[in-house]
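*Asks:* The residues making up each chain are set out below.
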Amino acid sequence: MSAKQASVHAKWIIGRVIGTKMTKTAKVRVTRLVLDPYLLKYYNRRKTYFAHDAQQQCTVGDVVLLKALAEPRSKHVKHELAQVVHKVGRGVDPLTGKRVAGAHFLEPLDELHAEDETLARKVQSLNITADASVSRYDGLNELP
Amino acid sequence: MPMKGSFPIRRTLQYLQKGDIIFKSRVKIMTVNYNTHGELSDGARKFVFFNIPQIQYKNPWVQIMMFKNMTPSPFLRFYLDDGEQVLVDVEGKDHTDIAKHIRTILGKSQTVLEGEAQAKMQASNPANFGPKKYCLRECICEVDGQLPCPGTTPLPKEMTGKYRARMKAEQE
Chain W
1 MSAKQASVHA KWIIGRVIGT KMTKTAKVRV TRLVLDPYLL KYYNRRKTYF
51 AHDAQQQCTV GDVVLLKALA EPRSKHVKHE LAQVVHKVGR GVDPLTGKRV
101 AGAHFLEPLD ELHAEDETLA RKVQSLNITA DASVSRYDGL NELP
Chain F
1 MPMKGSFPIR RTLQYLQKGD IIFKSRVKIM TVNYNTHGEL SDGARKFVFF
51 NIPQIQYKNP WVQIMMFKNM TPSPFLRFYL DDGEQVLVDV EGKDHTDIAK
101 HIRTILGKSQ TVLEGEAQAK MQASNPANFG PKKYCLRECI CEVDGQLPCP
151 GTTPLPKEMT GKYRARMKAE QE
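The listed protein sequences correspond, in order, to chains W and F. For the first sequence, this note's numbering begins at 1 and goes up steadily by one. For the second sequence, this note's numbering begins at 1 and goes up steadily by one.
Because the hints were derived from the structure by calculation, they are not lab data. Just so it is clear, the structure is predicted and the values come from calculations on it, not from any experiment. Think of the CB as a built atom: it goes at the ideal place given N, C-alpha and C, for glycine as much as any other residue. Watch out, some of these pointers could steer you wrong.
Covered stretches of chain W, as calculated for chain F (at least 3 residues, CB under 8 angstroms) [said to hold, decoys possible]: (1) 37-43; (2) 54-62; (3) 78-91.
Calculated pairs, DMTMM-like style, for lysine to aspartate or glutamate (alpha carbon to alpha carbon, straight line, at most 25 angstroms) [stated by the list, open to error]: (4) W:K67 <-> F:E84; (5) W:K41 <-> F:D42; (6) W:K27 <-> F:D82; (7) F:K58 <-> F:D89; (8) F:K68 <-> W:E107; (9) F:K46 <-> F:D94; (10) F:K68 <-> W:D36; (11) F:K93 <-> W:D36; (12) W:K87 <-> F:D82; (13) F:K58 <-> F:E116; (14) F:K18 <-> W:D36; (15) W:K11 <-> W:E107; (16) F:K46 <-> W:D93; (17) W:K11 <-> F:D81; (18) W:K67 <-> W:E80; (19) F:K157 <-> F:D144; (20) F:K100 <-> F:E114; (21) W:K41 <-> F:D20; (22) F:K58 <-> W:D36; (23) F:K100 <-> F:D20; (24) W:K47 <-> F:D82; (25) W:K87 <-> F:D89; (26) W:K67 <-> F:D81; (27) F:K132 <-> F:E116; (28) F:K58 <-> F:D82; (29) F:K133 <-> F:E116; (30) W:K87 <-> F:E91; (31) F:K28 <-> F:E116; (32) F:K46 <-> F:D20; (33) F:K100 <-> F:E84; (34) W:K27 <-> W:E111; (35) F:K58 <-> F:E39; (36) F:K24 <-> F:D89; (37) W:K98 <-> F:E39; (38) W:K87 <-> F:E116; (39) F:K28 <-> W:D93; (40) W:K87 <-> F:E84.
Make the full structure from the sequences, and use the hints.
*Replies:* Pasting the structure below:
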């Protein structure tokens, strides 16, 4: 055994943060697909892991990637936070790098799309209504 | 009595064993991000519906996670052992194309699989006799048509070791 082996079987795991009440520790729920032996269908089986988070940068609902520590930090903490894959409320599309919220983009994709958005905003600001046009030709002014 | 559910063939052992995507040992986690509505995500949805059970059956130690409606474009992400991440865009692709693409980039090739099967066959040679853990049979008495085990039925007198030793000693 020349290289140091991790103390746990799972070297890399990905999960969702469910609790951050502990100092510098995140409670992460990891789901794995397990085959039901009779139905032969895969279901999610969940397991909670504790991960060391030095900067306390996780919020509840983040999707995080955990890396196994070389040796357990304490009785329950055997992993550390490697990377926040998806920050809750600040989702980023990995292909374009733009902020997203669900199925639509928050930022315009490129300059063409940005022009469309500003045009829409300008049309809204014109605020053309029927009353305004009638009052323009009121009074003594003659129509040309 | 027909099976229940939509496409219940997915829930048969034969279908699961037919999966041909076996990941390289470097792949640890597979993540699928897709949307529940929209035509662009259709291939990804079918991939999750049809191919994911096969992949998980053949790769029981890879963690597979599905995320829905997080980004507008569907993609797959693989996390390898040395921290490397592989991003695969599947927008607009068909589920068979996605499976083929994954097989070429991260799956074990046919030659590698055949080599492994050969090595396995060599390790378990049916001509060897030994403990049950390593070989098929422990003694020739287990084979039909051969002499039964002397533990259960005594051997004919001419075949016993002490008779033959006595005959040899008498000859000299």
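*Asks:* Okay, which hints does this one fail, numbers in order?
*Replies:* 2, 11, 15, 34, 35 and 38
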